[in-house]
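Undergrad: Sequence:
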Amino acid sequence: MSGGGKTGGGKAGGKGTGSPRTGAAKTGGTCGARVPGKQAPKTVAGGGGARDMRVKVKKAGKLKHSSQLWLERQLNDPYVKRARELGYRSRAAFKLEEMDDKYHFLKPSQKLIDLGCAPGGWCQIAAARIGLDKGKGRIVGIDLLPVDPIPGIDLVEMDFMDEEAPALLTQRLGGRADGVMSDMAANTTGHKKTDHIKIIALAEAALDFAHSVL
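Once you know that position 42 of the sequence shown is 42 in our numbering, the rest is easy, because the numbers rise by one and skip nothing.
Please keep in mind that the hints were generated in silico from the structure rather than gathered at the bench.
Every clue listed holds true.
Label-pair restraints from in silico Cβ distances:
id, residue 1, residue 2, range
1, 67, 172, 32 to 40 Å
2, 77, 187, 16 to 24 Å
3, 63, 211, 36 to 44 Å
4, 78, 201, 31 to 39 Å
5, 190, 168, 29 to 37 Å
6, 197, 167, 20 to 28 Å
7, 162, 194, 15 to 23 Å
8, 187, 86, 26 to 34 Å
9, 128, 194, 36 to 44 Å
10, 86, 168, 29 to 37 Å
For each residue, glycine too, the CB sits at the ideal point set by N, CA and C.
Model the full assembly from the supplied sequences, consistent with the hints where possible.
TA: Okay, structure coming up:
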């Protein structure tokens, strides 16, 4: 957290079980969550030898190779499966869960802003840990992509980089925040240097916003 670190437009790059988000970049850390007993099976002994158990996606129509690989990762990712079992909207929920288990920055009754909140996995974890279901705390999330409603959470469909976004978020939260979470990522161009510049720009914007609202 910036307290945390999710900003902006949309989350991209593996947070969700859906399509990657675009817009800003979550500065909230990249540690992966470990889920005991949930390693994906790769091979199984049988007959004359080992057989590959990974789900393969056949290329069809205009499906790009990168999209094909992304689908295969989703289908074979144990955290995606575990997230579905627990009702989390994305595997990224485990990232925030693991970070808070280690650093204990989510507290009851906090007021939080989630930058780049789609599809809502971080909001779900934060809501449970601040006691939102008991009427404690408040969470405002923003993303370029539409997010299905989450009970008790104020969701804003808007680009965090819009000059009006910071003031709107503060107004919707009702004042200063106790924490800012960000897992934003910019749309990629395929040009590494350009993409790096865009990602850093989003991270710096998230940090500047956190300094102003905390």
